[in-house]
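**Student:** Each chain, letter by letter, is given below.
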Amino acid sequence: MQNNCHLRRKLINGLMQVITCLCSLMVVVPLCLVFYHVLKSGIGSINWAFFTQLPKPVGETGGGMANAIVGTFELLGLASLIGVPIGILGGIFLSEYGSIRLNWGIRFGADVLNGVPSIIWGMVVYALVVLPQHRFSALAGGIVLGMIMIPLIMRTTEEVLRLVPNGYREAALALGIAQWRTILQIVVRTALKGIVTGVLLALARVAGETAPLLFTALGNRYWNHHLSDPIAALPLQIFNYAISPYEDWHRQAWAGALVLLLFVAIVNVSVRVLTRDKFAQTR
Amino acid sequence: MLMTEDQQKVRPPTPVVIPRTEVPQKKVSGPPGSSTPAISVRDLSVYFGANQVLKRVNLDVPAQAVTAIIGPSGCGKSTFLRAINRMHDLVPSARIEGRIQLFGEDIHGDHLEPVQVRRRVGMVFQKSNPFPTMSIADNVTVGLRLNGLRKNSVLAERMEQALVMAALWDEVKDRLSSPAVSLSGGQQQRLCIARALAVQPEVLLMDEPASALDPLATARIEDLILELKRDYTIIIVTHNMQQAARISDDTAFFYLGELIEFGTTSKLFTSPSKKQTEDYVTGRFG
Amino acid sequence: MTTAVGNMPASKARVFSHGVAGDRLFKWLTLAMGLSVFLLIGLVGFELAHGSALALKKFGWRFLISSDWDPVNEQFGALPFIFGTLVSSAIALLIAVPLSIATAVFLTEIAPYWIRQVLTMFIELLAAVPSVILGLWGIFVMVPWLREDLFPVLRRTLGSLPLFTGPIYGVSILAGGIIIAIMILPIITSISREILRSVPGLQREAAYALGATRWEVTRIAVLSYAKKGLFGAAILGLGRALGETMAVTMVVGNRPEIVASLFAPGYTLASVVANEFSEAATDIYLSSLFEIGLVLLGVTVVVNALAQVMLKAFAGPTAQSPH
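Respectively, the protein sequence lines represent chains A, B and C. So the first sequence is numbered by the working numbering: it starts at 3 and just counts up by one. So the second sequence is numbered by the working numbering: it starts at 463 and just counts up by one. So the third sequence is numbered by the working numbering: it starts at 7 and just counts up by one.
Because the hints were derived from the structure by calculation, they are not lab data. There's no promise every hint is true.
[As the list claims (entries may be wrong)] DSS-like, lysine-lysine: derived pairs with alpha carbons at most 30 Å apart: (1) K737(B) / K589(B); (2) K195(A) / K589(B); (3) K12(A) / K233(C); (4) K63(C) / K12(A).
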């Protein structure tokens with residue numbers, strides 16, 4: 003009886019190990035499939051034309067996504083102008099200044115904002131910027147992406163700054179260094195790697211955002227020349243092509259997806275690799 | 463996240479004071495004991511919230527000597543030390559009563575900003591904390607650079623001076639640009655001492671500077687302290703009575719937030735006047 | 007021993023001002039930036055409320071229970087979308103939560119170091135895949151496969167249930183649920199993993215000392231201890247599922263109907279906004295979409311807040327804060 007019971011327990015133990023292993027594999031499978039298909043369907047269309055040409059008129063084959071790629075970078079630049087300074091400085095406030103109550107409130111607010119679906123952000127900036135100006139614009143697109151970045155960067159900056167041991171702050175202050183200098187040139191400097199990581203990850207995240215751009219940047223089949231004009235963006239282009247009825251556009255959508263996916267993946271992987279030595283996980 | 467407390471009115475921005483380049487020469491005129499004490503404490507009480515940690519401490523710390531602060535855990539030694547360079551300003555719940563004078567000047571007075579006090583009163587901490595993103599050279603000069611001193615020649619000179627005084631120069635002179643964290647524990651602590659000395663303070667506060675070090679490194683720090691006292695006033699908190707006996711000229715014994723006894727080290731350890739002191743130094747408690 | 011004066015955690019600090027001009031300026035600057043959070047919240051709330059004012063006035067509560075979505079006749083009811091969002095999210099949770107927790111268990115309790123590293127990297131990569139790319143894959147790879155392979159099998163085997171009846175298009179509420187599941191797997195897995203890691207080693211040791219097998223240790227000492235936290239992780243996943251827009255829009259079929267069959271196309275709150283916002287010609291149309299946004303915002307905020315509360319409640323008594 004004892005032996006049977008023990009055997010049964012051993013079997014269940016083994017079974018559960020197998021099951022959890024299988025589940026983990028199932029989590030990995032979609033990613034592998036996505037990567038595989040994007041690579042397979044997209045690689046053929048990656049050529050010089052893709053990177054340098056504008057989209058061709060409806061129905062014609064060929065052309066490229068040059069304006070979308072440039073547009074994405076432009077939007078990221080605009081977004082950074084808003085998101086990075088406000089986010090980092092806000093994160094500094096949360097970590098170095100403030101009161102318990104106030105900081106809890108700000109933190110909670112930032113977490114709430116981080117949970118707001120990105121399409122809602124799009125609606126907000128539509129009402130805020132697009133409607134009054136009566137136009138879709140790159141500016142609106144940059145603003146919405148920047149707003150998404152603010153709470154993201156604020157929280158990651160705060161987390162990283164809190165990890166800086168207090169001893170460094172004390173040592174600097176004991177030398178008679180002014181507090182603001184201590185924060186900027188000692189504390190932030192020590193945590194710089196982590197802060198940059200947070201910024202890069204936030205950039206990679208908003209680079210892939212489509213929903214908020216649907217009614218702010220709108221998209222553009224040509225080059226954007228003014229901040230107040232609509233602008234193309236890679237994820238927007240991918241979406242529009244994907245839901246279109248044209249084969250050629252589908253093909254280009256895959257190519258665009260490949261470019262976007264590679265960009266996002268490279269940023270994420272390199273950032274994690276660069277910080278891995280700091281945060282060795284034991285389980 | 464350490465804050466500065468607003469207890470004074472707004473005053474116009476004070477110009478950055480670059481400390482003088484020569485080592486200060488303190489004139490000791492008249493018989494010993496009649497010169498201005500380096501630190502003069504009157505009725506000092508420190509509260510954290512409702513908790514009173516120091517109770518009406520009265521003490522005169524003589525200049526250019528080593529004064530040791532001893533006492534069991536929780537007796538307020540570190541609190542006392544940190545009051546002298548106004549580190550409690552950075553703690554929101556801290557409240558200070560009484561008066562502390564630095565060579566006759568009230569450190570809480572209108573003339574002195576906390577930042578200025580801290581440039582004149584240096585501190586070395588229990589756990590060595592050289593700034594990890596900086597080289598050895600940068601660590602030593604950081605106090606000068608971040609207070610506005612830019613001339614490389616002066617910085618180099620002061621850096622060498624400080625490292626020599628901290629008995630670290632020979633060991634690091636060939637690798638001044640290597641990261642500070644590449645040094646051993648004892649070397650890092652001496653680096654922190656050099657960093658504090660570079661700013662040329664008048665008084666040096668040391669909070670158990672050798673407690674995290676092995677006996678060899680400890681011995682070197684102690685030798686260093688004996689050298690430094692020629693030019694600096696040193697106050698050292700230590701839980702190691704033998705260390706206090708070895709290196710200090712005067713010793714103050716604290717217990718439960720009160721200064722129980724203060725006198726020459728030899729007298730305090732061999733024939734203390736208070737029973738509590740005697741109990742502590744003979745090891746009956748603590 | 008020193009009183010931990012200088013070691014007071016950042017969270018206990020208070021605002022002070024100081025005479026030195028630089029300190030003051032910097033403090034106020036960072037404060038202003040920190041307060042921007044409240045400004046943003048105010049903006050979001052205001053614009054949505056303002057935008058939906060018209061629809062709120064016209065439809066009132068009926069908006070939430072009416073299934074009429076008729077732009078031509080200017081009758082708008084959000085029920086189909088609420089239904090679609092709830093059903094697709096429920097499907098997503100049903101699929102993702104068990105998988106994620108099992109994966110988290112595998113990662114913390116069973117996997118050797120190198121497998122852990124690789125798997126973690128994969129999961130983080132999956133988290134980084136933009137929604138639109140997953141949607142693209144969904145349209146051209148997943149949906150045809152569902153239409154040709156999985157759905158017919160489901161209909162053959164489970165066709166007696168009303169859930170699996172009706173015509174098969176591929177694009178469906180079930181497809182939406184599956185793709186949302188893929189999107190929320192990473193976050194539930196990583197949060198669950200954090201939670202399992204925070205279970206004190208003592209708990210595991212006590213179970214081992216009683217002679218339990220590895221699985222029994224996990225079941226008794228880890229999972230039951232971590233129940234609350236794992237539930238919080240699931241709710242967090244729900245919060246993300248509710249707001250998922252692009253990938254769902256591309257595979258869900260975009261038909262505002264309430265049908266029992268999972269094979270039928272559906273429509274979610276986020277999808278209808280994504281699809282119809284730029285084409286809303288009339289004020290009431292736009293306002294109704296704003297109201298949908300308001301509903302979506304309200305639900306997401308509440309769910310996320312609930313998740314945070316649960317996670318903090320779990321971490322509270324055993325908080326190992328690095329600060």
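**Student:** Next step is simple, just say for each hint if it's right about the structure.
**Tutor:** Against the structure, the hints:
| no. | hint | in the structure |
| --- | --- | --- |
| 1 | K737(B) / K589(B) | 33 Å, violated |
| 2 | K195(A) / K589(B) | 24 Å, holds |
| 3 | K12(A) / K233(C) | 24 Å, holds |
| 4 | K63(C) / K12(A) | 65 Å, violated |
Hints 1 and 4 from the earlier list are contradicted by this structure; the remaining hints agree with it.
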